[in-house]
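One line per chain: the protein sequences are L and U, in this order.
Numbering of the first sequence is given in the working numbering, commencing with residue 1 and proceeding in unit increments.
Numbering of the second sequence is given in the working numbering, commencing with residue 1 and proceeding in unit increments.
The hints are simulated quantities; they were obtained by calculation from the structure and are not laboratory data.
Any given hint could be a false lead.
Copies of the same chain are indistinguishable here, so a pair counts whether it falls within one copy or spans any two.
[As the list claims (entries may be wrong)] Think about it this way: if two alpha-carbon atoms lie no more than 30 Å apart in a straight line, the pair counts; the simulated DSBU-like pairs of lysine-lysine are:
(1) K312 with K336
(2) K177 with K200
(3) K336 with K15
(4) K15 with K222
(5) K303 with K214
(6) K287 with K15
(7) K312 with K435
(8) K287 with K435
As a plain string of letters, each chain reads:
Number of protein chains: 2
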Amino acid sequence: MSSSQVSSAIHQQVKQAREASLVLANLDNFHKNKILHKLAEALRENSVVILAENARDMTEAGTMLERGKLSVSARNRVLLNHAKIEQMAQNCESVAALQDPSGKIIQATRLDEGLDLYRVSCPIGVILVIFESRPDVVIQISALALKSGNAVILKGGKEAQNSNSVLAGIIRDTLAKSDNALENAVSLAESRDEVAQLVKMSAELDLIIPRGSKELIQHIHKNAEVPVLGHADGLCHVYLDQAADEAKSIEVTLDAKLDYPAVCNAAETLLVHQKYPNQWLAEILRKMQEAGVELRVCRETRKRLERFPELKLTTAIEEDWTMEYTDLIISVKSVKSAEDAVIHINHFGSKHTETIVTENSQLAEWFMNMVDAAGVFWNASTRFADGFRYGLGAEIGVSTSKTHARGPVGLEGLVIYKYKLYGNGQGVGRYGHGKRDFLHEEIT
Amino acid sequence: MSSSQVSSAIHQQVKQAREASLVLANLDNFHKNKILHKLAEALRENSVVILAENARDMTEAGTMLERGKLSVSARNRVLLNHAKIEQMAQNCESVAALQDPSGKIIQATRLDEGLDLYRVSCPIGVILVIFESRPDVVIQISALALKSGNAVILKGGKEAQNSNSVLAGIIRDTLAKSDNALENAVSLAESRDEVAQLVKMSAELDLIIPRGSKELIQHIHKNAEVPVLGHADGLCHVYLDQAADEAKSIEVTLDAKLDYPAVCNAAETLLVHQKYPNQWLAEILRKMQEAGVELRVCRETRKRLERFPELKLTTAIEEDWTMEYTDLIISVKSVKSAEDAVIHINHFGSKHTETIVTENSQLAEWFMNMVDAAGVFWNASTRFADGFRYGLGAEIGVSTSKTHARGPVGLEGLVIYKYKLYGNGQGVGRYGHGKRDFLHEEIT
């Protein structure tokens, strides 16, 4: 295909997605849930064909692995089986069970007798989601998009293209069976070229959610003319204050580093007040070392730990404070005060999740106010930063941007609002100096 | 200055704004209001020096006008006088009187005994506002930024540079007198080069609000790597349904076109149902014509109005449906149905404000749901789309984007939220299969 053919095909796809989004936006919760339940059924019924397509991907992934073009973990993420298909089906059912985020009256104001203003939540419209490897993301995202009333264009990784394609086909069939006008509410973008064009279509596309590598997300941020929701980094800190409790320090720090080091809400840097007991610090680091963690410490920390020769310490360099290891490595820095900890965090942190361990409640409150991050925790592991743990029901991603939605983003992040004004034939010319005044009363 | 010098000066400015923003974010409402009242006083006390600096701009603006580099209306917008300074002072006082949008608990969830999650509104951080001509915008934006707890970098037009500079100086002095650490919460960007660099600083800047010409806003959207809040177009429609009331049709349509044709919420296109009485349509257009409006009608409309030779009609071309005239021109199109009106609006509209005139309440509700716009009105003029009229108290701008804030944006659009988690030393390792379950209870 020539580039202009690609371009016109994409415009057609986005236009169809837009049309479907307008129909979907006005489906009530009952009908949206019915589709989600039908989708769960369809997934179970089509498990054989899903697994067959997945097997094709796995063969291809094996070849890519041999050629060094895919990592073992990336290949493993492509794999589907009966249990995973059942999980996908259950995912649809649990999204159906969530509250409809759309159509809620957020605010109601009587501007005048017979002139009522309502601010009502509504879907955003057409969303592009870019993701890697795991084909079950197709179902997860589509279910959230349907429930919130948005059309979605999905771009998955090449390594799962057959799986993604069969899953998207099942969703589109289910939509079409409910209403032909809904079929295009979910579609796949095929190529990188297509994505490169989509991210520039600010008039046609409403939001981009990139999920995947830091490089991918940074690339999208740099090139997109459409709003982007997501996070590139998760450089989270644990600050152990001089007034910290020993048991709390240990559980919070070890959990934050060890529970799942490969993810964005794991801790990367430990900040330790100079008066925090060295004995306790040594105990925490010894446990980390036993769990296989490499300890990169500042000079001051090394000095504090001289009496603990069993600890294998390497000296941290400046770059360690900027590194999201997502691995069994931790950097440790001594700080003179909570102020210094906050300055370090606000300078090096990724605005994701930051925690203080202290028994000083006033200091904790101050820390939580002064630290500029989506999540600010007191005596709790950074790993709690997660849509399921927060009780959001489902998560479309985690946002470190500071507009629209921040932190773990659930269905609520997929809606915006519109103002509905119910009048009686009024023009603004009736109001103003020497004329009528506005009431601006809340409607209850 | 070399470009690297410019660059390092800007980084310094943004860094200082960030530092000030963190202090400002934690000022309580009482202290923020105190600063706003002091600022009002300072404006009144410094009126002589403000007017002197403004006089320098007016002299320069006169020269620019002679050379054709500035329009008469742009020059007039630069002019300040005692009444306008008093208005600015009152603006500070009225912003002080508004509710603090920051620090509100939006949601509170008990994740477990001793593990409480609060979603609390907080300032966005550092905002760049770009505007043209009117120096009073410096005070208006700064007052809203202070009240919401955000630091702001302002870039005004060259034609008002001395006025902008003296006003920013007064704000900075007032801030410094309250607390030295606050001085840099407001600063001016001096050059276009500076703006070109600022819009790329996604790690340092949180939001850009461009106000001004369509070209300026489109340029920012295209080049920014930082989220942008604003609107480029205001192409609003009035749809007269077959079930419309005569008096309501007349008031809504005339008000929407004539009350203030130069602004974004004025109507540009009138859509008329084929069964809407021709007599009424002719009456509306006659009144428009008398007010100096040029009438550009579709062929079908021309046919409908054959019996009204007093109407001077020109034939609309395709481009008329895409034009934001912001002038005494209206395009008129006959449509076969409300569906056709909605299709036209969703295709050509700018997602700003759209209104239907009808006595059919079911159809009105359907229209308001199906039309994809920030404001959807029933029997009311599009001109009501305004922060003051909506009762928002103050307006930072109007957004046609579909994330973060939509429609007229008040103080609420200048805040986001952070999640505060109050724990007791927990790690996530305590929860899961065969372990503790989350409670996820609403805290009331």
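Right, here's what the structure says about each hint:
no. : hint           : verdict
1   : K312 with K336 : within (24 Å within a copy, 80 Å between copies)
2   : K177 with K200 : neither (33 Å within a copy, 46 Å between copies)
3   : K336 with K15  : between (58 Å within a copy, 23 Å between copies)
4   : K15 with K222  : both (25 Å within a copy, 21 Å between copies)
5   : K303 with K214 : neither (35 Å within a copy, 60 Å between copies)
6   : K287 with K15  : neither (56 Å within a copy, 38 Å between copies)
7   : K312 with K435 : neither (80 Å within a copy, 34 Å between copies)
8   : K287 with K435 : between (75 Å within a copy, 22 Å between copies)
Hints 2, 5, 6 and 7, counting from the list given before, are not met by this structure.
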